[in-house]
Amino acid sequence: MEPTTAPAKPQFSEAAKAEIARICKQYPEERRKSALLPVLHIAQAEFGGWVSPEVQDLVAEVLGLAPIEVYEVSTFYTMFNLKPVGKHVLEICRTGPCMLRGSDELTAHLERITGAKVGGAPSEDGLFTLKEVECLAACGFAPIVQVREKYYEQLDTQEAVDAMLLELRNQVHRPALPWEENGLPNALANN
Amino acid sequence: MAKITFDGIEVEVPDGTTILNAARQIGGSIVPPAMCYYTPLKGSGGKCRACLVRVAAGSAKDPRPMPKLVASCVTPVQDGMIVENTTSEQVMDVRKGIVEMLLINHPLDCPVCDQAGECDLQNFAYEHGVSTTRYVEERRTFEKIDIGPLIQLHMTRCILCYRCVYTADQLTDKRVHGVLGRGDAAEIGTYIENIIDNDFSGNVIDVCPVGALTDKTFRFKQRVWFTKPVNAHRDCENEKCGGRVVLWYKGKDVLRVTARKDEYGEVKEWICNTCRFDKKETADWTIEGPAHIDRSSVISANHYELPVVNPQVIADLPESSIRDLEQNPPMKLGN
Amino acid sequence: MGRKLLTEHINVEGIETLEVYRKHGGYRSVEKAIKTMTPDEVVEEVKKSGLRGRGGAGFPTGMKWSFLAKPEGVPRYLVCNADESEPGTFKDRQLMSKLPHLLIEGMITSSYALGANTSYIYIRGELLYVLRILEKAIAEAYAAGYLGKNILGSGYDLDLYVHPGGGAYICGEETALLESLEGKRGNPRNKPPFPAVQGLYARPTVVNNVESIAAVPVIVNEGGEEYAKIGVGRSTGTKLISACGHLNKPGIYEIELGLPVEEFIYSDEYCGGIWKGRELKAVVAGGSSVPILPKELILKTAAGENRLMTYESLSDGGFVTGTMLGSGGFIAMDETTCIVRNTWNFSRFYHHESCGQCSPCREGTGWLEKVLHRLEYGHGRMEDIDLLVSVAKQIEGNTICPLGEAAAWPVAAAVRHFREEFEWHVTNAKDAVQPGAVFPGKAVLV
Ligand SMILES: Cc1cc2nc3c(=O)[nH]c(=O)nc-3n(C[C@H](O)[C@H](O)[C@H](O)COP(=O)(O)O)c2cc1C
Ligand code: SF4
Ligand code: SF4
Ligand code: FES
Ligand code: FES
Chain A
1 MEPTTAPAKP QFSEAAKAEI ARICKQYPEE RRKSALLPVL HIAQAEFGGW
51 VSPEVQDLVA EVLGLAPIEV YEVSTFYTMF NLKPVGKHVL EICRTGPCML
101 RGSDELTAHL ERITGAKVGG APSEDGLFTL KEVECLAACG FAPIVQVREK
151 YYEQLDTQEA VDAMLLELRN QVHRPALPWE ENGLPNALAN N
Chain B
1 MAKITFDGIE VEVPDGTTIL NAARQIGGSI VPPAMCYYTP LKGSGGKCRA
51 CLVRVAAGSA KDPRPMPKLV ASCVTPVQDG MIVENTTSEQ VMDVRKGIVE
101 MLLINHPLDC PVCDQAGECD LQNFAYEHGV STTRYVEERR TFEKIDIGPL
151 IQLHMTRCIL CYRCVYTADQ LTDKRVHGVL GRGDAAEIGT YIENIIDNDF
201 SGNVIDVCPV GALTDKTFRF KQRVWFTKPV NAHRDCENEK CGGRVVLWYK
251 GKDVLRVTAR KDEYGEVKEW ICNTCRFDKK ETADWTIEGP AHIDRSSVIS
301 ANHYELPVVN PQVIADLPES SIRDLEQNPP MKLGN
Chain C
1 MGRKLLTEHI NVEGIETLEV YRKHGGYRSV EKAIKTMTPD EVVEEVKKSG
51 LRGRGGAGFP TGMKWSFLAK PEGVPRYLVC NADESEPGTF KDRQLMSKLP
101 HLLIEGMITS SYALGANTSY IYIRGELLYV LRILEKAIAE AYAAGYLGKN
151 ILGSGYDLDL YVHPGGGAYI CGEETALLES LEGKRGNPRN KPPFPAVQGL
201 YARPTVVNNV ESIAAVPVIV NEGGEEYAKI GVGRSTGTKL ISACGHLNKP
251 GIYEIELGLP VEEFIYSDEY CGGIWKGREL KAVVAGGSSV PILPKELILK
301 TAAGENRLMT YESLSDGGFV TGTMLGSGGF IAMDETTCIV RNTWNFSRFY
351 HHESCGQCSP CREGTGWLEK VLHRLEYGHG RMEDIDLLVS VAKQIEGNTI
401 CPLGEAAAWP VAAAVRHFRE EFEWHVTNAK DAVQPGAVFP GKAVLV
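Residue numbers (this note's numbering), protein chains in the order written: chain A, 1 to 191; chain B, 1 to 335; chain C, 1 to 446.
One or more hints might be untrue.
[Said to hold, decoys possible] Derived pair list, reagent style DSS-like, types lysine-lysine, alpha-carbon separation capped at 30 Å:
no. : chain 1 : residue 1 : chain 2 : residue 2
1   : B       : Lys3      : C       : Lys70
2   : A       : Lys25     : C       : Lys70
3   : C       : Lys136    : C       : Lys35
4   : C       : Lys191    : B       : Lys68
5   : A       : Lys131    : C       : Lys370
6   : B       : Lys68     : C       : Lys70
7   : A       : Lys131    : B       : Lys228
8   : A       : Lys87     : C       : Lys184
9   : B       : Lys68     : C       : Lys393
10  : C       : Lys70     : B       : Lys42
Calculated directly from the structure, the hints in this document are not laboratory data.
Just so it is clear, the structure is predicted and the values come from calculations on it, not from any experiment.
Please model the entire structure based on the sequences and the hints provided.
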């Protein structure tokens, strides 16, 4: 075994740095803090679907903020995962209109077949984290699951749910984002 | 200048003055209570809703009443405005409701709380509360967190007034604590283990209206009403600190040092951590004489019942407080 | 068949590209406004149109625009509210993902009218995929000279950016949205000052909903008076209705304001009736925060008149027997729906989404949820029902922002119209907790 060393400080990939620079230009120079939410999204995509304290400190450094300013924000908004997650985070809408069309049943079903529990640790194979969220603005196509930037709609049949899970199981790595060259996620390019 | 009528009393104040500050110019029992507003802290106020008043006429130009009660601490006066506070039944009623809301998740552990006797929530509840609680749900609790050797944080007592956050923002050069999470899960914290330590960080203790932030160096922990406040000063090396303080004595011992406050509990001059935490000998100070504590409180109003809140309000103390009480029985008066 | 002012071309192949969009008349309003009208003339047309904010409150857009402070030398902003998170509402997402250029065109024309040189679209973070669509379309608009410096040779400059949120319903409230756009927690601000005077970066700002902005091109193209001819009384123009819940054909419908509610629910042109051949029990007509109405009161007013899809008709009867058009999130519930469960679900939503700044909302939303949870799970007490009404009243009107009311109204209305069903949950708790249990009684109509 290698001797253990302190974990390396996280670093953004070059592509992400360029994207952050582009985003910062959208706001007045002295209002750099405005870029915080978009940059947290980039960070979450870059570093495995969650933002560790180290990653949040990196965000603070990049934007010239005090770390507490980032913590205050990351804990306010529900999209930022503050603990490690499975490869795919299934965000299941639980609000009224989705409940009327079976979201409770969908949640129970997903718990059964993935083995993960809502709000709990990822499934044993590390593939799925289940998270309940509030209305995703897709109520007419209920019930809904969001995985990263994709909406899976009308999941009220076994076939629809199976198709979603199959698609996710077959993903070797997450879909690349617009600024990532060669269609390769930075998280990979990073390693 | 703007002339307004507050509870039937006329007062003239500069334009831009808030309704609350206009009422404070009149003074006395018509002044609305304030649990979050704090004059020296920019941006404070508007949150607790304790100071809601009714605007019966918006201004001379537009004398219509305002549709909702307004927070007097953040609403500027208009010339010709007519405001009702103690004269409005609606306001009194709503205020009762605010007390109830602030207490439903409060641990009501006054008997073991350092702030008892100088707690704004205790006073507020005593003066405006109702005598029974309708809350039968489980109270919110938080994990204990350690913010260093000088300041003690009891999150369960916090009413999220944000005063300590503004204080750290406006007084210290590096804020390490803030409000984390949201809704009723929001809490004061540092997120990662961190110590609140900065030349002026101790001031968060003085601004905290409840016993959420208290002085860990408070020697021999005493009920405040057994201590004697004395004004004192010293030549403080810190140029931003005036060194004018209140020493709280028990016999010959200085138990704690605080900033001086006005009758509304607002700090008149911030003090540095050296004065507050390190200078606990009489020899460190030039004594001026007994401090007059202007603020009315449950104690100064001679309500010495124990525990020191409206006794009926805590008819059903939560389990955790009862446990604390058993382990830590309140002192008997007169000892 | 009603006129479709916004969505006429929504299903055209390739309409998300500038080329196809322009083929179908896109960007005409930009040309017309910038080349032939002064900014004030544009504002005047919007005033004449009678357009009312489509985000929920229904405030006249033209009037809002005329309140914008214009101090010399201070930049001002137009911010589009694309936070769409009011349960039951999903129109903005559809509009933006299928017709991105319509929103962009509206933003350019509106920014010109307001004299804004930088504008933002604040989109809820969950819709990052829509942000990508918008950014692609914006790049096309820059390339075509509709955005950037010296637009169409007029000397007018405009930069347009899309900003994602992070998951918080409260950021739909306009001042919370501005805080969020500044990179902070979404805590609503105390008002005054209003955004028209001190908004984004403490500068004068107008915040408008996606659908409001998207209506501006039609108004500029056809004229405010033409637009105002559609609709009934002070409810002019068309409105996107997000229909969901137990309907045969849920989805987005652009309706002319004034359509009878009954026709909207039952006609095949719209929702096609209640699913599974069931009866309608109740409707929440304008997004989860508006009062729920039982079938009888949503179809007809207390006075027996046909209820229409207009701001005025839906609110006929005030909070006793009426409701609101709100954001147009139309949630239908069939006869098997448990009102207590549904009310608890909505309460949990508001509890979860309260920013936690002010005490009545922070504490009160949690209290409501806990009491409702007990009732739904068979641990209710008779006095809980009045307690709910009382707590709701303690929140309502006493908070910093209207989320307090949004949390209180659904509870108060549910108890008002379905009190017996709440009581049944106490007296027949064992039956009521069975999955799929259906209350056998009736709603209260007055
Ligand atoms: C809690 C809360 C949530 C809101 N959510 C939204 C929203 O998601 N989208 C929206 O356009 N307006 C929302 N609003 C209304 C906005 O505050 C604001 O009135 C609106 O964006 C103004 O645009 P309009 O005049 O074009 O309707 C919300 C208001 C409150 C109080
Ligand atoms: S800890 Fe004290 S000062 Fe800080 S927010 Fe809580 S109650 Fe206010
Ligand atoms: S009403 Fe609720 S959401 Fe609005 S400011 Fe107060 S706590 Fe926040
Ligand atoms: S309720 Fe699930 S998307 Fe709206
Ligand atoms: S003192 Fe005015 S709201 Fe708290």
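Quick rundown of the hints versus the structure:
{"no.": "1", "hint": "B:Lys3 to C:Lys70", "verdict": "holds (29 Å)"}
{"no.": "2", "hint": "A:Lys25 to C:Lys70", "verdict": "holds (25 Å)"}
{"no.": "3", "hint": "C:Lys136 to C:Lys35", "verdict": "holds (26 Å)"}
{"no.": "4", "hint": "C:Lys191 to B:Lys68", "verdict": "holds (12 Å)"}
{"no.": "5", "hint": "A:Lys131 to C:Lys370", "verdict": "holds (21 Å)"}
{"no.": "6", "hint": "B:Lys68 to C:Lys70", "verdict": "holds (29 Å)"}
{"no.": "7", "hint": "A:Lys131 to B:Lys228", "verdict": "violated (55 Å)"}
{"no.": "8", "hint": "A:Lys87 to C:Lys184", "verdict": "holds (29 Å)"}
{"no.": "9", "hint": "B:Lys68 to C:Lys393", "verdict": "holds (13 Å)"}
{"no.": "10", "hint": "C:Lys70 to B:Lys42", "verdict": "holds (26 Å)"}
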